[in-house]
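Peer 1: Listed here are the chains, written in short residue letters.
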Amino acid sequence: MATTTAASVATRRRLGWAPYALLAPSLVYLAVFFALPMVNAFGLAFQGDEGGYSLEPIRRMLGDERFAKALTTTLLLVVIIVPIQFVVAMGMALVVNARLKGTDLWLYVFALPLGVSELAAGIVWFSIFTEQGWLNSLLTQVGILDRPFIFLDYQRPTLLILTIVVAEAWRATSIVMIILVAGLQGIPRDYLEAADVFGATAWQRVRHVILPLLKPSIRVALILRTILAFQVFATVIALAGSATNVLAGEAYRWYQNLRDARVAAAYASLILILSVVSTILFLLLLPTEEDRPT
Amino acid sequence: MDGRRPEVLTSVSLTRRQALQLAAGATVLGLTGCAPSAREATEEQSQGSLVMISTQFQPVAEGEKMRSAVLAGFGRKVEFLGEEQGPFEDRIRAEAQAGKGSVAVIGGQHGDLAGLAADQLLTDLSDLTQELSGRGFHPDYLELAKVGGDTPAYIPWAQASYLMTARKEAVDLLPSGADVNSLTYEQLTAWGQRIQQQEGSRRLGFPAGEMGLLNRFFQGYSYPSFTGALNTRFASSEAEAMWEWMRGAWAQANPQSTGYAFMQEPLQAGEVWVAWDHQARLIEALKASPDDFVAFPAPTGPKGLGFIPVLTGLAIPKTAPDMDGAKDLIRYLTDPKQTATVARELGFFPPTAQQQLPEDLEPGIRAEADAIAAQSTSQAKVTSLLPVGLRDKSNAYNDVFRTTFDGIVLKRRDARQVLAGKAKELQEVLDSVKAPCWRPDPESSGTCQVG
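Residue numbers (our numbering), protein chains in the order written: chain A, 1 to 294; chain B, 1001 to 1451.
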């Protein structure tokens, strides 16, 4: 322990100010484009008509007739989407990492949706789910349906949510997969070989070797994905239109339609708070070795 | 902005770009303000390009047509920028506040320009109106262009409207005694019922998606047709009857309607057989297969045939950098040759009293022109204006109609109760900008009072 510390101190001395200079551009970028707007948004959310401190924007957000629906839909989407994506991404990552024939091809195929924007993905899935869309054409052609079924029906909210879940799962699972693949590749082969020697089954290897060693990556993936799920917006607009609404959509509506930046900031701050709370939860629920007191 | 495609992501990035432009503009203004050679810069500008911003022709494809087919023939380079109504107004107001502007000509609907005119931010165009009197503008439009004052604040540029379009197979199923060219609201519902009985699906369609223009259907079509007014009869018993009708019609509408923005797409796909929308949002269906679709006037209600002609005009901000250049550009754009190009390429018609359409118009555009002409010459017409004087509250105003629809039709709440609550919200919006009544409501001395 003592030698490591001495070594790191020596390294630090040798490097001098270089690390700070290298970090500076990203720090400035983060401060200007993230931290500052964030502070401003919080300020706006607590500003009255005359500019002083006021709870009015918060009150208007809570009193908005569309608030409850937006909050519950957003939470529902997060709760359904994140676990599904995690399980699917884990499976995909294991397939990629199994180094089967054509691993690279799998990686590219799985990562393809990463290059598609949220709105474009929403429009693609709309053309699949719409009444005269691909899915209905397929189902009627093979004889499963007599006539097209309306999936995007405002009277069937559960079905609407499911279509959004499918679209989101397709669009954003690959980012989770990429993080998990990176984590998997960091696991030394020796551990897995040792497990083999002791006659561990495939499931036992995943359960007792891979998952524990992958914890830091899992944590990062879950945090990132949950934060992104709270911001879901364009997919919902493309698939459900005005039939359902989410928090990010309401922030947009208040800013763009109702031209009230303060209530929009209140919505944005709520999304931020939810993201921070979920991050803290993940950090507490999935402690890694480094977090534990030695 | 009606009829145009306010795509979510486009508008977000536009807004960001505008913010950057404004910031850059402010910096440049600051610098030129300090520079001793400010006069030189202005002279240089008069040789260079002109900036035109417009709430019309915002979609990329339409903006391109504006640049390549219309503005390319103007002797000078014109930087044409499509903007949403909010940022559009913000920019002109910001330039006025700075006392120095970069925008030479602005194009917008009557409602987009009215607020700026009311605050004396637009140049008096009496001389230009006089000079261009040979263009044959509709006298109503010239009156409108005065925005309630004595002198014209803009020059009429183009006109558009909303209308109905149906697939040919739907026309065969019209209820007996009904004629598409003189349909009543009751017959429209009966038509939907008949289609559902025969075909098994709900085939009426409304643009009730987030980006759809359903609010205009209420504001300019169903409300005036049922109540003869709008804000002043918002919560009246006739209005209740209108919402009752809407519930019935909605029961015949494709349940996917809550996701529709442009009705041309569901019409072409066959998801919807009969639809109402802005002409620019129906035109692709009519252009692609004019033999499969019919365009026809909106239905008539108990008080007549409510409809909105959308007048688009050209104005010059008082802060325009090159007044002569700006006037030249307006002369050029209102020239019959250019308005014919706009009709041919973009489907907006010349704002003239006599229909002046080019001979070689595509059949789809011709069909729309005829349906709109039938609408505006109907004996029973109740002409409305797009909301006037709402400034940055026009979307908030629209939102009241959308949420009323949500409450009464989608959530099936008690119509009277919903209307009572929404009437208060509507009044708050009107009060916040002190907007007087506009047609079809009777003139008001002060802020329009919701009734």
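Hints are computed from structural coordinates only; laboratory data are not their basis. These numbers come from a predicted model, not from an experiment. In this text, a Cβ means the ideal position worked out from N, Cα and C, and glycines have one as well. Hints may be right or wrong, so weigh each one.
Claimed, not checked - Listed next, the stretches of chain B that the computed footprint assigns to chain A, with coverage defined by at least 3 CB atoms under 8 Å from CB atoms of chain A: (1) 1267-1278; (2) 1393-1403.
To be verified - Keeping only pairs whose Cα atoms sit at most 25 Å apart, straight-line, the calculated DMTMM-like set for lysine to aspartate or glutamate is: (3) K1337/B <-> D1119/B; (4) K69/A <-> D1172/B; (5) K1434/B <-> E56/A; (6) K1337/B <-> D1127/B; (7) K1422/B <-> D260/A; (8) K1424/B <-> D1414/B; (9) K1168/B <-> D260/A; (10) K1434/B <-> D146/A; (11) K1424/B <-> D146/A; (12) K1168/B <-> D1127/B; (13) K1168/B <-> E1186/B; (14) K1303/B <-> E1443/B; (15) K1318/B <-> E1345/B; (16) K1422/B <-> D64/A; (17) K1424/B <-> D49/A; (18) K1287/B <-> D1172/B.
Peer 1: Next step is simple, just say for each hint if it's right about the structure.
Peer 2: Structure-based check of all given hints:
1. 1267-1278: n = 3 at 8 Å, threshold three: holds.
2. 1393-1403: n = 7 at 8 Å, threshold three: holds.
3. K1337/B <-> D1119/B: violated, 33 Å
4. K69/A <-> D1172/B: violated, 42 Å
5. K1434/B <-> E56/A: With a Cα-Cα distance of about 22 Å, the restraint between K1434/B and E56/A holds, given a limit of 25 Å.
6. K1337/B <-> D1127/B: Measuring from Cα to Cα gives roughly 22 Å; hence the hint holds.
7. K1422/B <-> D260/A: Holds, because 19 Å separates the two Cα atoms, which is no more than 25 Å.
8. K1424/B <-> D1414/B: holds, 16 Å
9. K1168/B <-> D260/A: This hinted pair is violated, its Cα atoms lying about 45 Å apart.
10. K1434/B <-> D146/A: violated, 56 Å
11. K1424/B <-> D146/A: violated, 48 Å
12. K1168/B <-> D1127/B: It is violated: about 49 Å lies between the C-alpha atoms, which goes past 25 Å.
13. K1168/B <-> E1186/B: Given pair K1168/B, E1186/B holds - Cα atoms ~20 Å apart, limit 25 Å.
14. K1303/B <-> E1443/B: holds, 18 Å
15. K1318/B <-> E1345/B: The hint is violated at about 31 Å.
16. K1422/B <-> D64/A: holds, 13 Å
17. K1424/B <-> D49/A: At roughly 20 Å apart (the allowed maximum being 25 Å), D49/A and K1424/B satisfy the hint.
18. K1287/B <-> D1172/B: Distance of about 21 Å is within 25 Å: holds.
Going down the numbered hints, you'll see the structure goes against 3, 4, 9, 10, 11, 12 and 15, while the others check out.
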